[in-house]
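Participant: Protein chains in written order, with our numbering: chain A, 1 to 119; chain B, 1 to 397.
Bear in mind the hints are in silico, worked out from the structure with no lab data behind them. Nothing here was measured: the structure is a model prediction, and the numbers come from that model. Incorrect hints may have been included.
Interface residues of chain A toward chain B, partial, derived using beta-carbon atoms under 8 Å [what the hints assert, rightly or not]:
no., residue
1, Glu20
2, Gly66
3, Leu118
By construction, the Cβ of each residue, glycine as well, lies at the ideal position given by its N, Cα and C atoms.
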Amino acid sequence: MSIRPRNFLPNGDIDVVYDELGHSGTIPAAEVRWTTNIDGSENHNYIVLQCPDGCGASSTHPVGGGADAPNVQRMFVNKTQADGCACGQVASTDSTTLGESHVRLNVNRMDGAFRWALG
Amino acid sequence: MARTNSVNFTGANQFPIANAGTDIFKKEDVQVATKSLDLHDHSPGLGLPINPAAIPTGTITSAMIADGTIQGADIATGTITTTQIADGTIATADLANQAVTNAKLGTDTARLNLLTNPGFDQKQRSAVSNSTSGGFLVDGWALWPTTSTATHTQIGSTIGSQGASLQIAYTHSAGGRADTQSLKIMDGITPQIRSKTLTFTVWVKSTVAGTVRLYLYDDVSSYTLGAYNVGTGAERLTLTATVSASAATVYVGMRCDVASCTVEFNDATLVVGSVAADYAPLHPADDLARCLRYYSLLSNNFSDNIYASGFCSSATQAYYALRHPPKGGTPTITFSAASTFANQGAGFQPTCTAISADNPGPNTFRVATTASGLVAGQGTLLIAIAGGAAIYQEWNP
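Generate the whole structure from the sequences, applying the supplied hints.
Facilitator: Have a look at this one:
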């Protein structure tokens, strides 16, 4: 699979695994980043993860979930709740339900309503 | 009393019968009676009809019945069995239209297999084994160990069809298990199989009897589990279950949860209906096409292969457009190390220091690279410059 989240730590860090090469490790919360558009703005539909093993590999995950819908969507929800959304519609001080609702809306827009995997 | 005539012998064969002692006796009475007796055959005028009770049971044979005279009404309902019908003589016209049901099908009737990579032959990933939870080795079958540990490897088939099989090496811990699980069945349109009866079969060969069984999972009824393997030879496990009317998620799989063992899996089928279907291999193109819906890759099997064309937006940034086989949704895009790629232009070829996907969709994505020495406004090619350069696209339902 990809460099994918496997466990979410209380401080926002993420344990990840990179099956393709058998790498694993922890990515600090500060290094869980939105991707950047061609105009330099951040895109709330994608998060890029660098392999913590240092091999240089990276995965760009879509809000729809991509390779691992439950864990990727959880990653987006956690980041939106903690940092606010890149689009500015949700702030880190907003209620947690607002962040989740915003991510769910983006999931529906990207992959359709059937795709939501967080119950 | 007066003399009377016989009633069952009539015409020329009728004879008088003296009823009283005073009746005169004529020798002609005896003559006619004996002549009639000599002609007696139970036909009209020659005696009483035969009473059925007078015929011993089991004595009438087909020689006594004229050919072509037995009527359908002469045969009791529901009494003709297969032994009365010669093999191979039932014609299609003898069957009512739309009357053959699924339950009447033999297992060798090829039917639509709902699984992805049912023969375990497709393996796009380069790894030789996988032990991580939720990880894939062969396409379409994920490993889900819980408490216990397990490893998937692809091996040459020793059971079922020739080619490859998937093998799991399972190390049991108390209360643990390891599932080898399909992708979500009918991803995105699971409602199409709601309320349907499905039959799942897999050829298995375990090193230990009673250690592996099949399951069907839906998110309403949870797990329906089949029977364990009975021996250590090749055997086909079968499970039939009905999907819940409101299920949103359906999977099938093979579970080890009793004792440590090594199990080979091959030739899985999942069909609608209560009758199992023998494995019928897909054409390799169709087999791979199903897998590409979930996983595809570009890899430098040959040096200096060109991945994409693009342009330099600055002295340090370049963008490229790429297409990939359509996925069920927007995939995760994974790159090998940035240093395995370079930006090739007229008079420059700097190695990438960063590479990422930008704005991927179900069919396309943009690649953004960072490197020094680019020339703003010039065209450029994204190329592989080191072994292991690869771009993976993955979407799992």
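Participant: Please go over all the hints and tell whether each is borne out by the structure.
Facilitator: Taking the hints in turn, this is what the structure says about them:
Evaluation of the A/Glu20 hint against chain B yields a held restraint, the C-beta minimum of about 6 Å falling below 8 Å. Interface restraint check: A/Gly66 against chain B, minimum CB-CB distance 3 Å, threshold 8 Å, status holds. The interface hint given for A/Leu118 is broken, as the beta carbon of that residue sits about 13 Å from the closest beta carbon of chain B, more than 8 Å.
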